[in-house]
Amino acid sequence: MNTRASVQPRAGHLFAPNSASRVRRNGAYWLQAWLPKLVLAPSVAAALFFVYGFMLWTFVLSLTNSRMLPSYEFVGFAQYARLLSNDRWLVASTNLVIFGALFIAICLAIGIVLAILLDQRIRHEGAIRTIYLYPMALSFIVTGVAWKWILNPGLGIQQVVRDWGWESFTFDWLVNPDMAVYTLVIAGVWQASGFVMALFLAGLRAVDDSIIKAAQLDGASLPRIYWRVVLPCLRPVLFSAVMILAHIAIKSFDLVVALTGGGPGYASDLPATFMYDFSFSRSQIGMGAASAMMMLAGVLAIIVPYLYSELRSRDRG
Amino acid sequence: MSALEIRNVRKDFGRTRVLREVSLSIDSGEFLILVGPSGCGKSTLMNAIAGLEPVTDGSILIGNEEVTWRTPAERDIAMVFQSYALYPSMTVRQNIAFGLEMRKVPKAEREATVERVAKLLQITPLLDRKPSQLSGGQRQRVAMGRAIARQPTVYLFDEPLSNLDAKLRVEMRTEIKKLHQTLGTTIVYVTHDQIEAMTLADRIAVMREGRLLQLGTPDEVYNDPVDMFVASFMGSPSMNFIPAQLVRDEHGISLAIGAASDPYRLPFPAARTTPDLDAWVGRRVVLGLRPEHISERTPWGEEDANTHPLTTEVTVAEPTGADILLRVRLGEDEVNARVSPKQNVTPGDRLPLQVDMARAVLFDPERETRIA
Amino acid sequence: MSALEIRNVRKDFGRTRVLREVSLSIDSGEFLILVGPSGCGKSTLMNAIAGLEPVTDGSILIGNEEVTWRTPAERDIAMVFQSYALYPSMTVRQNIAFGLEMRKVPKAEREATVERVAKLLQITPLLDRKPSQLSGGQRQRVAMGRAIARQPTVYLFDEPLSNLDAKLRVEMRTEIKKLHQTLGTTIVYVTHDQIEAMTLADRIAVMREGRLLQLGTPDEVYNDPVDMFVASFMGSPSMNFIPAQLVRDEHGISLAIGAASDPYRLPFPAARTTPDLDAWVGRRVVLGLRPEHISERTPWGEEDANTHPLTTEVTVAEPTGADILLRVRLGEDEVNARVSPKQNVTPGDRLPLQVDMARAVLFDPERETRIA
Amino acid sequence: MDNVIRVQTPGALLARGGIYAALIFMAVVYLAPLLVMLLTSVKTLEDIRAGNLLSLPREITFQPWLHAWSEACTGIRCEGIGGYVWNSVQIVVPAVVISTAIGALNGYALTKWRFKGQEWVFGMLLFGCFIPFQVILLPMAQTLGWLGLGSTTTGLVLVHVVYGIAFTTLFFRNYYVNVPDELIAAAKLDGAGFFRIFLRILLPVSTPIIVVTVIWQFTQVWNDFLFGVAYSSHETQPVTVALNNVVNSTTGVREYNVDMAAAMIAALPTLLVYVLAGKYFVRGLTAGSVKG
Amino acid sequence: NNVEVLHWWTSGGEARAVGVLKDLMEERGHQWRDFAVAGGGGESAMTVLRSRAVAGNPPVAAQIKGPDIQEWGSLGFLGEINTVAKEVGWQALLPEVIIEAMQHDGDYVAVPVNVHRVNWFWANPEVLAAAGVDDMPTTWEAFFEAAEAIKEAGYIPLAHGGQPWQDATVFESMLLGIGGVDFYRQAMVELDQEALASDTMIEVLKNFKRLRDYMDPNAPGREWNAATQMVVNGQAAFQIMGDWAKGELTAAGLTAGEDFLCMGVPGTDHTFTYNVDSLAMFKVSGARAREAQLDLARLSMEPAFQEAFNLAKGSIPARMDLDMSRFDSCAVKSMADFKASADAGTLVPSMAHGMAVSSDAQGAIFDVVTNYFNSRRMTAEEAAERLARAVRAAG
Ligand SMILES: Nc1ncnc2c1ncn2[C@@H]1O[C@H](COP(=O)(O)OP(=O)(O)OP(=O)(O)O)[C@@H](O)[C@H]1O
Ligand SMILES: Nc1ncnc2c1ncn2[C@@H]1O[C@H](COP(=O)(O)OP(=O)(O)OP(=O)(O)O)[C@@H](O)[C@H]1O
Ligand SMILES: [Mg+2]
Ligand SMILES: [Mg+2]
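Chains as they are written, first to last, in our numbering: chain A, 70 to 386; chain B, 810 to 1181; chain C, 810 to 1181; chain D, 6 to 297; chain E, -9 to 385.
FYI, nobody ran anything at the bench for these hints, they're computed from the structure.
Be aware that one or more of the hints could be misleading.
Stated by the list, open to error - Listed below are the simulated DSS-like cross-link pairs for lysine-lysine, each with C-alpha atoms no more than 25 Å apart in a straight line:
1. B:Lys928 / B:Lys976
2. A:Lys106 / D:Lys121
3. C:Lys1151 / B:Lys1151
4. B:Lys976 / C:Lys976
5. B:Lys916 / B:Lys939
6. B:Lys913 / B:Lys939
7. E:Lys141 / E:Lys196
8. C:Lys986 / B:Lys1151
9. C:Lys928 / C:Lys987
10. C:Lys928 / C:Lys976
11. C:Lys939 / B:Lys986
12. E:Lys196 / E:Lys76
13. C:Lys986 / C:Lys976
14. B:Lys986 / B:Lys928
15. C:Lys939 / C:Lys916
What the hints assert, rightly or not - Stretches of chain C that chain B covers, calculated by requiring three or more beta carbons in the stretch to come under 8 Å of a beta carbon on chain B:
16. 968 to 980
17. 1019 to 1031
18. 1040 to 1048
19. 1053 to 1065
20. 1091 to 1105
21. 1129 to 1140
To be verified - Pairwise CB distance ranges (calculated):
22. B:Thr1178 / C:Glu1018: 52 to 58 Å
23. B:Asn817 / C:Ser1149: 37 to 43 Å
24. B:Ser1149 / C:Asn817: 39 to 45 Å
25. B:Arg879 / D:Ser60: 51 to 57 Å
26. C:Gly838 / A:Ala97: 26 to 32 Å
27. E:Gly144 / A:Ser140: 54 to 60 Å
28. E:Gly122 / A:Arg231: 24 to 30 Å
For every residue, glycine included, the Cβ atom is placed at its ideal position computed from N, Cα and C.
One chain only, chain A, in its complex shape:
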């Protein structure tokens, strides 16, 4: 043993750190080092192929003039040019901004308020929580018809309120091209705000009780305690919530199909429905792929900073 130690040159580690010892690693050590990677490998391979591979494939398609089925006749960025000059795409993108912003903002607002209210030692909290949460369990394929009725001026809220005697009551967003996108917000908020509530409720429950006590002693009123002290603690939750909501907003498809069908006209179209329509109903897979790439670019713009900060904060923490 001593001979080996003395034979090893002192400066050895400059070139090959403890190369001599490395030789001595046995099978068990090797397995221990590689098992985690092996376990992750199938998932990584699947992601590489099924996510990144397909993304690449879609990108390639967006450079072709594929129509009904993929073809590989390259046309450069012509599909993007067509896309950007397409009125409907502009409407769809604008709608996504409106829908996304409102959907996220309102879900957060309602979710936070409900979480705070539910945190006040409410009787039957469990039951109420389940009621708020259940919309997340249903897809719009299931609830779409009900929603269409509820928002339909002739059948739904407007009619019910008029039947109650308020004759001039109008709630016709569903059929109003300028307002239709807001009905998407309503239904979307209905579906996701309960989930946001659950996230925040969980967050509230995790906040150190003594911070709230300290704020009480400092003389803050309950609303101020929440606003100034508790909510700022929930920034990580807020971040997760925004991310989940953003991804729901970007992926919103069933919602549009079930509720407005993109109408009136295409006033309530979103990129997801646009992409689907062009790829599959209109046999313009090339352009559909281009719109998909634009969507992905949008997702990247949101998710990359998130991942970056996530990775950074982990480095720090």
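Chains B, C, D and E with the ligands: place on chain A using the hints.
For chains B, C, D and E with the ligands alone, kept in the frame of chain A given last:
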């Protein structure tokens, strides 16, 4: 004037009674320390004083005004929590100013106060950091700063130093003491640490299972414990409890320890014998002797009437640097003793020691109460 | 035979070098305690020994066999974690037996071992509880039981007592000491607690910023620190560092403290002067004196050549029960002193004290290393 | 927020009343669509034509439910959607079990066995959450074709597993990050290997997050329509496709009560899961998966 | 020998009709595997078809129509069924336009199963009577007059569902009525730029927009059958919709010619906008599958199936030699008009139903039409210009 008065306070959590008829009164400017084993209700009492928990019964007065049913904000109290409870999203400056802001203190005044407090606690360079960027000791000072900024009638400290490491703890202890001396405020302070309790307190309140057992100066509590619990709770290593028989002999009243055939006798200080003690003569008692009262022989020991020689076998010797802790035989038991590090001791040695009976105490072995 | 040997171990986390060429060797049956400030690399060293973190360079030998690149399972080591790390889903029995099960010990033998260990640690009645149903001290014992059951070559304890309260800590400390004596095992133990370090260790290793500063018996480390860091780290309150000038006078070499015009002089023990010390005459040094070496006058003090009288003003007096901690003026500084509780001291008094120079140490004020 | 001294002033009582009123109002709002569906599903067709949405049925009939379960036509098969529920179960159960298991293992490997580039692996997997499913419809079809899994239940399970891994891994990783590393270290020293540590130490403490993941995955897979319709065949269509065929036939007379009953039947399993396991959901989130 | 058929004939009547074909097939010993995907006028079904085709696993036959047949054909997916066609003599049974549509590169690749007339104009006579409208309007001028009267009387003149395809259905019918057959061919079939931007187009668009005044405001998003219900229960007077609307009308217990009236859309009574449903045959491997496929092709043209299917669908059979006695008066009229138009050369393919142009051009037209129709700001001139531009871009 009593700054804080607690009258017959009871507190139940559902079925469990956590505080049982606690009454105490704290003078203005006094430093009161609450000690007691974990779960005895110290934090509950603090919370009740602060108004963070409604009491089940009894009343609380602050500055001679009844506040039992006031909200925490309406009581003039500041509290430092064991976990510091700094607002994580605010800077140190904002943390300190928050209480003032809530009380609508004008901005300029707020800033001046923050500066003053920061200077006092030497955290001026940290004012713009977030709590997560502070070390434990710094956080602790910020928590204190937040309390100090407000200048309330009463401060409550709930184990404020328990998260610090030994060295920092000593430093912070000194700072708190200074602070109390400078500000002259009323403080109620919970701690598990003996040294902290002894060095900081004007008075110490010892609690057990929701009851106040003893309230007195550190000296009283340490040297004059009301029962075996208090006696064992204060001091580390804790007081030796030695079974003995109370006998009357030529010196007056003595304690016979060990084998009945050949007991070791320790005379009880004549000055401290009371008439009540006579009733115990011939019965078994428990002799309470602190480790520092069994120590190496000193020249003056011979002169002192209360000091008695004892030569006995050492079973364990633990040098701690500043002292050597010993376990030595006494009668049929082993007891803790404490000698100077100058001594050269190894287990198995027979060592000449002396027992100082001046501060020895006697307990009823059944009821565990103090006899003398 | 050395049970554990660490040779030139380096460990980097990315760019940060956490361990720098640490080498040490532990004899079979030895109790080694690692101390050092938070973040100095103690846990990292433990993890390296256990094989939980690969080292960057160097090698580790257990029982004279190189294990640097073996998995933790293949090293014959058991570890007790600060957080206990009991398996929450298993009963105490299963927790203790798990390591044996993994090593394919037959069932009957496993059960016998669990019973034996439980008996040793007095946790037999708890065997069928889950960890969540145990108190802190009980958990600690189970964690220990889990380690003991395996009878490995080396035990590692990473701050096993730091989560316990003061009283429990003292009890557990004694148990660990007994255990070590009964089982005669090799132990590496990390602690922040001075008393723990001093009382348990056969040898103490003091670390700082990934380096091993001193390795020695508790006595050596306490009385013969290699530098100011080690000196200040051990002992509470910590050693007084007093700026002084080394002068030669009629007694030999002395330390002049305070105003140059009227210095207070303390002769350095003649027996301990070395030729090297001469080089320092006339230069500024730091005198290290522990608080217990500044104490009340004793009759023998007058006889001792190394003991010098000092009458000075007390600024702070903190009775801790067993002692009184003082801050007293010495020259232009204040120093900590420690006197018996028999003394009656109030701040402002001028008190006759004595300074025991027998264990005084001298440091280079710039490099902070020991001179004598 | 507990343990506040609540002064029983009229104002405080009013505030408390307000909180309850707000909560109940919101509960009604959340329930409205379900209520509309439920009411409609027990009305007769005449009733539906005559009244408005919220009017109570004049007579309650369970005929629509029976019809939807066992008689409604989906294409030329008039066997109701009952049979398709079984198809869905055959897809959902393996998909949920496998994706949860993989997610758990991934989360474990990512948090408890440190290696270089781990965060990047995680980030890379996480991105899979965000890919719009329409994008991968055709490439996936081609791949399934290559694999010979076109129009099979196995193929559908594969698709759901592949695109479920991102979320399940995210959930488990965020949960396992908070499980103390010492636990794993202790088990390593006790001689347990990679899988044993997972099975014996980690899995028993994972119940809350398993519940969250299973609920999430169950909902996602059960409600999926796009993959279900694109990669299934005659025999393997999940219930959502059957429901779509019942509800979305654009020619002929629409039997709204049957549509609604069918929708309710298709939604029942997920609703049940939420109602039964809902409380663990919040608990599981508290236990970890919230941490940003 | 399984025969998997992808279609979106899912509603009750249709499904029963498909059931007839299934029974016929099973009599021949083939296993019918029904693959029905409802929704969105076959959009979902087409998506599925594509995914199946890409996966190399297409069904034996799928419901495909119009130019899509040609696209699938040129992608090489379709198999020929010439033997059956020759054997049965389709050449004689089928009208010219349909034969053209069913062939790719001169081979038969699809079987027609019906002919829908798209430019139908349905009316509720009670409402007309109540509003004092005596005659069915045969010109758009007359229509607007009548509509005004009906509106006065408190009824909705035109029932409509505001979905792009419904908007387009009305639009193309109006275009045919106002612009005539030649203009329709130029604009909607040949996609002639000049025609698309012409003054005629502007006029059509203006009139089209006028219709809004005679529809109820809740139309957007409404299903076509809900609109039909409005005619049934006397809320509305007219509806412009293909003959599948008849299914809804008869299901409500109404009798053609008495309880409801049918007529060509104003100005188009002697023209015929057709929409032919067909089953396209995919290439199959294996003799038995091939045999089954040929049987399917043969049986789809059997009178039994054609009659049953079209009775259920409201359309007329694709083969011209069937006895129409079991059909109602509207269907009989439809058949007569079809033959007459075929002879007169006024038979036109429906753009709105994918018979006239490729789906991308169709989509482009839909976008502009529906957007114009729903927009409050866009002028007819602008719309015409955009129409031309969009069609060019879709090229
Ligand atoms: N909200 C509560 N509900 C029920 N029991 C409680 C509650 N809060 C505290 N208790 C119980 O009251 C008793 C006293 O608790 P308290 O926190 O006052 O103890 P403590 O003396 O502060 O202990 P420690 O020194 O460990 O902080 C404990 O037994 C505890 O379990
Ligand atoms: N996984 C890691 N990655 C990067 N740095 C680390 C890691 N683990 C520990 N360190 C760093 O290594 C240094 C030594 O850490 P270690 O845990 O060994 O300290 P310690 O001496 O045990 O401290 P304590 O007494 O607080 O437990 C610290 O500065 C720490 O931040
Ligand atoms: Mg407490
Ligand atoms: Mg450590």
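Consistency of the hints with the structure:
1. Using a Cα cut-off of 25 Å, the hinted pair B:Lys928 and B:Lys976 holds, with the two alpha carbons roughly 22 Å apart.
2. With a CA separation close to 10 Å, the supplied pair A:Lys106 and D:Lys121 stays within the 25 Å bound.
3. Restraint check for C:Lys1151 and B:Lys1151: satisfied, since their Cα atoms lie roughly 19 Å apart, inside the 25 Å limit.
4. Restraint check for B:Lys976 and C:Lys976: the C-alpha separation of about 20 Å stays at or below 25 Å, so the hint holds.
5. For the suggested pair B:Lys916 and B:Lys939, the alpha carbons sit about 21 Å apart, so the restraint of at most 25 Å is met.
6. Simply put, B:Lys913 and B:Lys939 have alpha-carbon atoms about 23 Å apart, close enough for the 25 Å limit, and the pair holds.
7. Between the alpha carbons of E:Lys141 and E:Lys196 the distance comes to roughly 20 Å, so the proposed pair stays at or under 25 Å and holds.
8. Taking the CA atoms of C:Lys986 and B:Lys1151, the gap is near 23 Å; set against the 25 Å cutoff, the hint holds.
9. Taken as a hint, the C:Lys928 and C:Lys987 pair is honoured in the structure, with Cα atoms around 14 Å apart against an allowance of 25 Å.
10. The suggested pairing of C:Lys928 with C:Lys976 holds, with an alpha-carbon distance near 22 Å, which does not exceed 25 Å.
11. The hinted pair formed by C:Lys939 and B:Lys986 fails the criterion: a straight-line CA distance of about 43 Å is larger than 25 Å.
12. For the suggested pair E:Lys196 and E:Lys76, the alpha carbons sit about 49 Å apart, so the restraint of at most 25 Å is broken.
13. A C-alpha spacing of about 16 Å is found between C:Lys986 and C:Lys976, which places the hinted pair at or below 25 Å, so the restraint holds.
14. Pair hint B:Lys986 plus B:Lys928 holds up; C-alpha atoms about 17 Å apart against a cutoff of 25 Å.
15. For the hint linking C:Lys939 to C:Lys916, the alpha-carbon distance of about 21 Å falls within 25 Å, and the restraint holds.
16. Coverage of the region 968 to 980 of chain C by chain B holds [criterion: at least 3 residues with CB-CB distance below 8 Å; count 4].
17. Only residues whose C-beta sits within less than 8 Å of a C-beta in chain B count toward coverage, and the region 1019 to 1031 of chain C has 3 of them, enough to reach three; the restraint holds.
18. With a cut-off of 8 Å between beta carbons, the region 1040 to 1048 of chain C has 6 residues touching chain B; three or more are needed, and the interface restraint holds.
19. A stretch counts as covered by a chain when three or more of its residues have a beta carbon under 8 Å from one of that chain; for the region 1053 to 1065 of chain C and chain B the count is 0, and the coverage is violated.
20. Counting residues of the region 1091 to 1105 of chain C whose CB lies closer than 8 Å to any CB of chain B gives 3, which reaches the minimum of 3, so the coverage claim holds.
21. Proximity of the region 1129 to 1140 of chain C to chain B, defined as three or more residues with a beta carbon under 8 Å from a beta carbon of that chain, is established by the 5 residues found.
22. As the Cβ distance of B:Thr1178 to C:Glu1018 is approximately 54 Å, the hint placing it in 52 to 58 Å holds.
23. For B:Asn817 and C:Ser1149, the hinted distance range of 37 to 43 Å is satisfied, since their beta carbons lie about 41 Å from each other.
24. Between B:Ser1149 and C:Asn817 the CB atoms are about 41 Å apart, so this pair conforms to the stated range of 39 to 45 Å.
25. The hinted window of 51 to 57 Å between B:Arg879 and D:Ser60 holds, with their beta carbons roughly 53 Å apart.
26. Under the hint 26 to 32 Å, the C-beta atoms of C:Gly838 and A:Ala97, about 29 Å apart, fit the expected range.
27. Separation of E:Gly144 from A:Ser140 is about 56 Å and conforms to the stated range, judged on CB atoms against 54 to 60 Å.
28. Checking the proposed 24 to 30 Å range against E:Gly122 and A:Arg231 shows it holds: the Cβ atoms sit about 29 Å from each other.
Hint compliance for this structure: hints 11, 12, 19 are not met, and every other hint is.
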